[in-house]
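*Asks:* Sequence:
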Amino acid sequence: MAYTIYDAAIPPLVHMLGGLSAVLAKGEAHGGIDPAEARLAPDMLPLKSQVYIATDSAKGCGARLAGVEIPKYEDVETTFPELIARCAKTRKFLESLDRSAFAGAEDKHITLKFGNTPFEFNGADYVGKFVLPNVYFHITTAYGILRHLGVPLAKRDYIGGGR
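Each residue of the sequence shown is one higher than the one before, starting from 897 at the first, in my numbering.
Hints are supplied without guarantee of correctness; some may be wrong.
No more than 25 angstroms apart at the CA atoms, straight line, and that leaves these computed lysine to any residue pairs for SDA-like [to be verified]:
no.: 1; residue 1: Lys1004; residue 2: Leu993
no.: 2; residue 1: Lys1004; residue 2: Phe1015
no.: 3; residue 1: Lys968; residue 2: Lys1025
no.: 4; residue 1: Lys988; residue 2: Gly1011
no.: 5; residue 1: Lys985; residue 2: Gly927
no.: 6; residue 1: Lys922; residue 2: Tyr969
no.: 7; residue 1: Lys922; residue 2: Ala1050
no.: 8; residue 1: Lys922; residue 2: Ala904
no.: 9; residue 1: Lys968; residue 2: Lys1051
no.: 10; residue 1: Lys985; residue 2: Ile949
no.: 11; residue 1: Lys1025; residue 2: Glu924
no.: 12; residue 1: Lys1009; residue 2: Asp1021
no.: 13; residue 1: Lys988; residue 2: Thr1013
no.: 14; residue 1: Lys968; residue 2: Phe989
no.: 15; residue 1: Lys1004; residue 2: Ala904
no.: 16; residue 1: Lys922; residue 2: Ile980
no.: 17; residue 1: Lys1009; residue 2: Tyr1032
no.: 18; residue 1: Lys988; residue 2: Gly928
no.: 19; residue 1: Lys985; residue 2: Arg995
no.: 20; residue 1: Lys968; residue 2: Phe1033
no.: 21; residue 1: Lys988; residue 2: Glu924
no.: 22; residue 1: Lys1009; residue 2: Asp971
no.: 23; residue 1: Lys1025; residue 2: Glu965
no.: 24; residue 1: Lys922; residue 2: Thr975
no.: 25; residue 1: Lys968; residue 2: Ala898
Think of the hints as simulated: they come from the structure by calculation, not from any bench.
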């Protein structure tokens, strides 16, 4: 079987959201951290927002490429258990997508708007140049926030936690 846009997007997203869940679980076990307030710098988004953006990007990718409706999340999670559950919900959604729905999605035209500025991609560039870098950035930032606050994390938690 040939390597497809599904293979390029969905398994890595599912895996990395599992890693994010493992990192968040270690943050919860460490104690004393408020995900609504914890951040690396005053002008950066807090931990909870890093999780919101990573999960929103992942579910949006899967839905857009598969041609299904993007699940709506209310962004109300503020505790570690709630954020871990959001990651699990996103993984479950991604795993539910039919691989065959991705056929030809590498050429699908995708337009995102941020403010009044449209960003246009084909499916392959959307995955490789927008979604994966964006998701990895926010998961890495979540890891960095927790590591900065003393949570005993290692590279294996980030990479291997999503098995």
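*Asks:* Would you list, in rising numerical order, the hints stated earlier that this structure does not obey?
*Replies:* 4, 8, 9, 11, 13, 18, 25
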